[in-house]
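Visitor: Chains as they are written, first to last, in this note's numbering: chain A, 1 to 217; chain B, 1 to 104; chain C, 1 to 875.
Hint data in this document are derived by calculation from the structure and do not stem from the laboratory.
Note that this is a predicted model, so its numbers are computed, not measured.
Check each hint, because a few of them may be wrong.
[Stated by the list, open to error] Derived CB-CB ranges, DEER-like: (1) B:Q98 x A:P174: 23 to 29 Å; (2) B:S57 x C:G842: 17 to 23 Å; (3) A:V150 x C:A835: 39 to 45 Å; (4) C:M845 x A:Q168: 28 to 34 Å; (5) B:Q98 x C:V864: 57 to 63 Å; (6) C:A835 x B:S57: 57 to 63 Å; (7) A:V106 x C:A843: 51 to 57 Å; (8) B:Q98 x A:P53: 48 to 54 Å; (9) C:Y856 x A:P164: 46 to 52 Å; (10) B:Q98 x A:E13: 24 to 30 Å; (11) B:T93 x A:S167: 44 to 50 Å; (12) C:V864 x A:P53: 33 to 39 Å.
Note that CB positions come from ideal geometry on N, CA and C, so glycine has one too.
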Amino acid sequence: MAQTSQKPSRYAEVLLGVVLLVVVVAFVFWMFASQVLPGLAPVAAQGAGLARPSDLLFYLIAAVAIVAGAGVAFSRSIIYAALSLLAALLAIGALFIYLNADYVAVSQLLVYVGGVLVLILFAVMLTSKIGDKAHTNPSTGVLPGIGLTVALIAVLGYVAAKSPWISQPNAITPAQTARTIGDLFLKEYLLPFEVASLVLLATLIGAVVIARKEMKE
Amino acid sequence: MLAPGLAHFLVVGAVLFALGTYTVITRTNAVGILLGVELILNAANVNFVAFQRFNPSPLLTGQVFSLFVIVLAAAEAAVALAIVLAIFMTVKTIDVTQSSTLKE
Amino acid sequence: MEMLLRLNELVLLAAQHGAEAAGEGAAHAAAELGPQKIVSVSYLWLIPFFPLLGAAINAFAGHWIQRRFGKKYNSYIAVGAMVLAFAVAVVAWIQMISLPASDRYMVNFLWNMITAGDVQANLSFALDPLSMMMTLIITFIGTLIHIYSIGYMADDPGYWRFFCYLNLFVFSMLLLVMGDNFVLMFFGWEGVGLCSYLLIGFWYEDIEKARAAVKAFVTNRVGDFGFVLGLFLLFWALGGSWVETKGRVPLRESRWAMADPAYKPQQETGTLYQRDSSLSASKPATTWENYLRDPGSAASKDGIRVGPSLTFRELRDQVAVDATGMRQRLSGMTFFGIPLLALVGILLFVGATAKSAQIPLYVWLPDAMAGPTPVSALIHAATMVTAGVYMVARLNFLFALSTTAMTVIALIGAATAAFAATIGFVQNDIKKVLAYSTVSQLGFMFIGVGVGAYWAGAYHLLTHAFFKACLFLGSGSVILGCHHEQDMRRMGGLKKFMPLTAKTYLYACIAIAGFPIANGFFSKDEILWKAFDSGSNMLDPSIGKLIWVIGWMTACGTSFYMWRSYYMTFTGEYRGAHGDSHHGAQPLHPVPVTGPLAALAAADAHGVVAHSPAGRDMTHPDSGPDPHALGVAGHPDHPDHKAGGGHGHGGMPHESPKTMTYVLATLAIGCAVTIVLGFWAPLGHLLHIEWMQEPLLERWLSPAFAPSRELVESRSANSGPFWEWLLMFASVAVAFAGWLVARAFYKDAKSTVPDKIAAAFPRLHRLVFNKYYVDEIYQATVLRGTGLLARALAVFDNVVIDGIVNGVAKVGLFVANIEGAIDKYLVDGAVNLVADSVVNLGARMRRLQTGRIQHYLYAAVLGVLVVIGINFLIH
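Pulled out of the complex, with its shape left as it was, chain A reads as follows (with noise of 0.2 Å):
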């Protein structure tokens, strides 16, 4: 993670330890792709029909998501929920790109990772004692919670696992879907978009109208 803190003196140090990480891992992975891999060929290659790198970096970002979504349940402090939060973000926008849904992947970014969270860290700066920040998120119910949150995967996981969906995992998709969308918000979902933006308005309005009253006072 990242530190908010920036002090002159550990600057080297930081750096020097990224650089030895980044040497360390990409010799293991140099050593691994090369010596380790090549006696797995005929393996990896009878795996290729079975995986693919592709899949690997797809379970990759679905850990971020994953350990970032705890992050946001089960931390204590609510800037480190945020930022949390933000990691989900990204990691989920990554699995939008990996579905080939690339302008929703940016929305995501600018839209979320850019508005929304901001507006969140804005408010947390707004309404916490940052004095106190070890307790600024505690929780309430945490076992009931616990066991309806594992009902939930359980139930949702194996409904989403052994339902028979309708699958074609070769279809075609188009790579920018850009164009598309942009065509679509004009044709079929025009009206769906201009009551989008209405709703925009109202929001934005609304939330000036709520905040600015109140800091009046």
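Dock chains B and C against chain A, hints included.
Guide: Here is chains B and C on its own, set in the frame of chain A:
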């Protein structure tokens, strides 16, 4: 190792949804609850896009829908935070356990 | 007009038939007795109706009429009703005379009152010669007494009430004699008892008079109980398969054997006079399905109903006609070992005992003198008390079958006659004398019907009606004239003040004493002769002779005390008070009451005996003066008195108004005229004069007594004309003897012998004077016993029965308390439990409303989870 199919994405979405629900239920900080809500919405988005990818429709229904979700989530977050601020101004706390005036 | 023509025609027919009847009468005795033939008429109901109407008018409007128009209109209504009834009775009589003797049974069927199984009672009037005679007596003498009452009751404020009751009485009496079945007769029987009560207690404000009325009613009731028992027994004996029989005739199956075509109770005949032509004997009677076991018996040809019946005619037919076998059967039946007919006869006679004042139930009659004198005359001399005699005569066919019953009747009659006569010797109240004389003469009548001489008893009834009514009305005249003085010791010498009254009284005394120049002799002598001659009609032939002896001596006593009353009242000097009779009266000798019986009397709170204020002899409470003028102080005017002379109260006695004296004269003339009816069997027997063999009345009544005639005659001793004449002379001799003794003792009140005798035998005198203390004995035994029983039962009722009832109530209360507790704790508890649990649940459920959205969300998500799960599982 299976290639990620629709089910995998749905499971990911389910887990995220569960965690988001946990956050909403257990957090006492209003902003924390909002974080959970965002998580839930994102989980839903994942589902939509996954369905669009694995069951494509010419209208890109999943993706468009998730776009709208993003838009509305943003709007809702804005308003919610405005309200949180307003409440903070009034009762000087955003602990939701303190504001259970709907209690019987 | 047409009616008059028909009437004329009938009178001629009557005359013709009357002559025929003379020959017919002797012949019919040999004819075989068949069922009574009847004639249907439609007007007999008018006879009782008119008095009823008069009573109704006087009851509802009488008081108003009296106030508005005056008393004479009340009397017009009443007397008018009586005259109309008498007129219709005379018409009926004429029709009856016009019928041949065997057909003299007129029936007026109105409607069927009750039919219940075997019991059938119709509203139906019947006149046969016996009831015709009674009806004529009742209406004729009733009319005379009504006229008399105009004068007698003139200044009584209850004038209208009196006439109402009198008419009601006549109506009841007519029902009694004209009813053709037991039900109607009993209705009348009770009715006359009621009217007797009303009339005796006419001046009900005096408690003693009210008590006398109650005594009369209650005593009659006791007798009625016996009567009804006898009736039930008879009814039961006539039918029913459970009755044991020793007769040779097999038991009839049940009920009605066949219909008599002549008797059609459902049909109205409509016209005033009709003779049912289908009744001729030559026409065979139709027979229909009959229940007799012997289809060849004669009864099936004559059409007689066999079985239980309440109608006199049907009873008579069943019992009198041999062919039905009912007579044999009844004669053979016993009831718990007692011969049935004897028991029935005695029980029925018990009713007669009460109604006709015989031993032991005569006690009400002397007390009944508390009523106004016309009442005493009508009810207690001429009519009501004769109901018992009438009943026995009517049922002669039953009584004649049982010598036991006949003996009982005759003996009780004789005993009563003698007993009452002795009491009459020493009474000082003139009405009391006459009352005991009535009891005595009724005893004679019962001797007559007891020994089987039914016509003689009926004849004595008739003659007695005349002369006793005359005596009573004469005494009433005397009482009125002496300003309501009833004690003979304060009368005397009234001959010169009230000549007409004296003359009629004298003639009536001649009649009752039994001198041959008045009618009493003929009837009394006939009775005594028949008693002597009764033979095996009695249980033992000598009983008849004993009865004759008793009767003969009673006749002597009768003569004595009647002449005593005459001489004390009418001869000598007037001993009464000059001025108001309540002051300055001559001192009388009160009869002291001492000894154990005094203790009895004193102990009895409702003492019949002994309070003696102011020197007056008050041992007989109703010997007090008629209070019909209002008390001591004021004697109001008598506006209806048209008497001669200055009628000053406190003046000397005076003659009564013409309405009263003319009635007396009529009755006296009647006494003379009715000699004809009984003239003169002894002479006929001696000289074998055809038309005198059977006196007129006997011939007239023979159809009614035909069922028993042969039986009685067959059992009689047939002593012969010698004895008849001997006994007759003995009767006359003894009557003379009584007269002479009375004359010697009491004429002009010169003799002191009576007082000396009374002084010589004080205890005996007191015993007889106090009526042998019979009333006191009854009081101490029967009445006290009943009172004790009533009290015991009341205690039982209060303690046991009320205890049971209260106990039940307490149990109920206890159960109710338990139920209340159950209701309160269990039921309410359950209800409350439900409510409380709801409240508690609600309270607990309320806590779900935490107010925290997160919790709500939690629940929502959980629900969603469930839905998804289910959905997945289903698909």
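Visitor: It remains to establish, for every hint, whether it holds in the given structure.
Guide: Against the structure, the hints come out as follows:
no., hint, in the structure
1, B:Q98 x A:P174: 23 to 29 Å, "violated, 51 Å"
2, B:S57 x C:G842: 17 to 23 Å, "violated, 51 Å"
3, A:V150 x C:A835: 39 to 45 Å, "holds, 41 Å"
4, C:M845 x A:Q168: 28 to 34 Å, "violated, 50 Å"
5, B:Q98 x C:V864: 57 to 63 Å, "violated, 28 Å"
6, C:A835 x B:S57: 57 to 63 Å, "holds, 59 Å"
7, A:V106 x C:A843: 51 to 57 Å, "holds, 55 Å"
8, B:Q98 x A:P53: 48 to 54 Å, "holds, 51 Å"
9, C:Y856 x A:P164: 46 to 52 Å, "violated, 34 Å"
10, B:Q98 x A:E13: 24 to 30 Å, "violated, 44 Å"
11, B:T93 x A:S167: 44 to 50 Å, "holds, 48 Å"
12, C:V864 x A:P53: 33 to 39 Å, "holds, 37 Å"
Hints 1, 2, 4, 5, 9 and 10 from the list above are not met by this structure, while the remaining hints are.
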